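Trainee: So the sequences go chain by chain: D and R.
Per this note's numbering: the first sequence = residues 1 to 418.
Per this note's numbering: the second sequence = residues 419 to 836.
Please note that a few of the clues may not be correct.
Claimed, not checked - Reference excerpt, derived from the structure (chain D facing chain R, CB under 7 angstroms, subset only):
(1) A173
(2) S178
(3) G370
Claimed, not checked - In silico lysine to aspartate or glutamate, EDC-like type, Cα no more than 20 angstroms apart, as pairs:
(4) R:K775 with R:D530
(5) D:K261 with R:E835
(6) R:K679 with D:D345
(7) D:K287 with R:D674
(8) D:K281 with R:D674
Unchecked claim - Here are a few chain R residues that face chain D, going by a calculated C-beta distance under 7 angstroms:
(9) N459
(10) G489
(11) R495
(12) K576
(13) A758
(14) Y760
(15) H818
Source of the hints: derived by calculation from the structure; they are not laboratory data.
As the structure is a computational prediction, the values presented were derived from the model and not from experiment.
Even glycine gets a Cβ: it sits at the ideal position worked out from N, Cα and C.
The primary structure of each chain is shown beneath.
There are 2 protein chains.
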Amino acid sequence: MPTGTLLYAQSGGVTAVINATAAAVITAARARRVKVLAARNGIVGALREELIDTSAESSATIRLLAQTPGGAFGSCRVKLKSLSEDRARYERLLAVLRAHEVRWFLYNGGNDSADTALKVSQLARQYGYPLTCIGVPKTIDNDLAVTDCCPGFGSAAKFTAVSVRECALDVAAMADTSTKVFVYEAMGRNAGWLAASAGLAGRGPDAAPHLILFPERAYDEASFLAAVKAVVARVGYCIVVASEGIRYADGRHVADAGAGKDAFGHTQLGGISSYLAGRVKNELGLKVHWTLPDYLQRSARHLASGTDLEQAQAVGAAAVEYALAGMDATMPVIRRGRGAPYRWDIAPAPLDKIANKEKKLPASFIRADGYGITPAARRYLEPLIRGEAPLPYRRDGIPHYVALKNVAVTTRLPAWEG
Amino acid sequence: MPTGTLLYAQSGGVTAVINATAAAVITAARARRVKVLAARNGIVGALREELIDTSAESSATIRLLAQTPGGAFGSCRVKLKSLSEDRARYERLLAVLRAHEVRWFLYNGGNDSADTALKVSQLARQYGYPLTCIGVPKTIDNDLAVTDCCPGFGSAAKFTAVSVRECALDVAAMADTSTKVFVYEAMGRNAGWLAASAGLAGRGPDAAPHLILFPERAYDEASFLAAVKAVVARVGYCIVVASEGIRYADGRHVADAGAGKDAFGHTQLGGISSYLAGRVKNELGLKVHWTLPDYLQRSARHLASGTDLEQAQAVGAAAVEYALAGMDATMPVIRRGRGAPYRWDIAPAPLDKIANKEKKLPASFIRADGYGITPAARRYLEPLIRGEAPLPYRRDGIPHYVALKNVAVTTRLPAWEG
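Just chain D, with the same shape it has in the complex (with noise of 0.2 angstroms):
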């Protein structure tokens, strides 16, 4: 029996999945009779000392915790600096992570997320601390380097390719004297992998989505225009998906300009789909309708991705394992078997590999006209969103979601003025 406690905590963006990870975490280090404290609200909790007691929490409520979306500890956006900039904190850190015996620490996050735990690790040789950090994947950008896909993803690309299917053939059956274009907003600020997972949608030269914009090609109006034009005319109806973050050839991103002024002057905030649909209706005189599901796509737990679940648990279960095996630095990553049908396995990666990485569409994942996805891309794409993660409703038909009683664990240090 390993002594010291685990510290797991959550960073950047939620998933529906990425409490599946937490409980799997919870899970095998209970099995190993390992101590595991949370940091409430990420890598903030850990530097307040706000830590949370998961013991308090039933093996019944930690399997309620794997089908519950959002994160149950709290996250956080803040992204420590190098380790000379914010010595500072990266020593209060320390001090925390030394005052409750932490040996291990798993932060479950992103690019930036995987920067931090190679840095604490770092940091903690430095000083001579016996500590083991592990990144744990998470993001639905998909945008993690090493890894063949990110735990999160799966689902929020499920989301969206059920999504634009549903919507499709509401359009579809309305075209005739109502909605012609719909624009859906697809996250994914500089890498289309969420935009292109909506090419899942549907198959065919005429089926929706029929028109893509990703963030990896330059946006053009006049062409983009003409597009939509010829697709109505063909199909009766175009059903366009735009990628958050697409540019223009000059760099500038497309939803800034649909900022400007409201009827009584006051600033709006931008937004692609309002932006594109407001340049439908106004230059091509069709009627339209957009939609911005933004954290919808990200918190449907409902319609999870039975892959990115089992995923999510796999590298959850491998982070705990990594960690008492001391494999400091690195991170349970998927990989994924040569060929069909679909494999998958968890292997360690170096975070150096992978800390503040960014992973982009690859060419040959867009269509040579730039408004679609590759067979390659589909054939990448698919088994992700494959199978239903099906969750017990209430009786009230909500879905049975648990909220933590996170307990806080008694402070050791003074109060942080950081």
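With chain D fixed as given, assemble chain R onto it according to the hints.
Mentor: Then chain R, alone, in the frame of chain D:
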């Protein structure tokens, strides 16, 4: 075995379960050996003599139809005027019905469709043409008179409540360092039924949604912003649900205020969620996100309500029964039994009690402060989102939705230039 043809048509905005009604109509008619034609794109197809022979679809396809969102035969947004104003169109309609020996006309829609069905009934009587007209209820707006609720609403309500619950878990996890206010835009131009259903997402004073804006209450910006500020101070974040149709005290739509000019001087489209988000950001300085689910909320068959699905099928079967019994100018409506547990049945109601009427949210359903629902609203709404309507997914991770062959019936009349 009754002689003649039954004509079924879909009208207005489609829903997650209108095809379940269509499937029930076809199944019930087949059991009585009655031939069913469907008009393509609602009344428009009846006028154009664009009719579909449903006998070309197998029983297996009709079963899949029952689980497919959208309107499989096409719907329309067309309202016929009075018999005197639109005489030529009504006479053309009668000519088409006569040419295809239509004895039963089932129009599946909302207020306007009930009005159309009633007028067609009156016209047939004027001309001595033997026809039974049945209005079949359908609307996510839940605003039809007489019926306790409307097929399509329960599923949209379930989508709303579940999505708000999921987004609230997301925001709760991030609020410490990121988004503190989230605005969800619900459909409902005049009646706040869907906004109210968001109230089912949580219970208790601090559970999301914290503020609901109803079209039945005048929007007061100072009061709203003060309420948001107070909730953020108390809870740490604030989930707002706004009906698209909210108005100022002087009757102007707030969403229209959101329209304006973008950075290039292009006319922008309105939208209540982006408008409110902009006000929160500018006036309170809080980080805000917003969602416009738009058609997602009415086409999400993957999250349909079990109760709603059953009712959608029941009104379809009853419509055929009423039609064959010659119960002209009626609608099968849903009646609720008194008290708990929730019980319902189907009963006939005269179309003239329903046509062109609009049922708003009762004042007793809106909390005294105007920003939430009452226990009476909860008692009414909750049974309508109860139960699931699971559907098979294909191997590729997408639900098994069907596309009909929609075989056209040979025309018997000269083309119409209406």
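Trainee: If a hint holds in the structure, say so; if it doesn't, say that too.
Mentor: Results for each hint:
no.: 1; hint: A173; verdict: 3 angstroms, holds
no.: 2; hint: S178; verdict: 5 angstroms, holds
no.: 3; hint: G370; verdict: 23 angstroms, violated
no.: 4; hint: R:K775 with R:D530; verdict: 9 angstroms, holds
no.: 5; hint: D:K261 with R:E835; verdict: 45 angstroms, violated
no.: 6; hint: R:K679 with D:D345; verdict: 52 angstroms, violated
no.: 7; hint: D:K287 with R:D674; verdict: 17 angstroms, holds
no.: 8; hint: D:K281 with R:D674; verdict: 16 angstroms, holds
no.: 9; hint: N459; verdict: 4 angstroms, holds
no.: 10; hint: G489; verdict: 3 angstroms, holds
no.: 11; hint: R495; verdict: 5 angstroms, holds
no.: 12; hint: K576; verdict: 6 angstroms, holds
no.: 13; hint: A758; verdict: 12 angstroms, violated
no.: 14; hint: Y760; verdict: 11 angstroms, violated
no.: 15; hint: H818; verdict: 11 angstroms, violated
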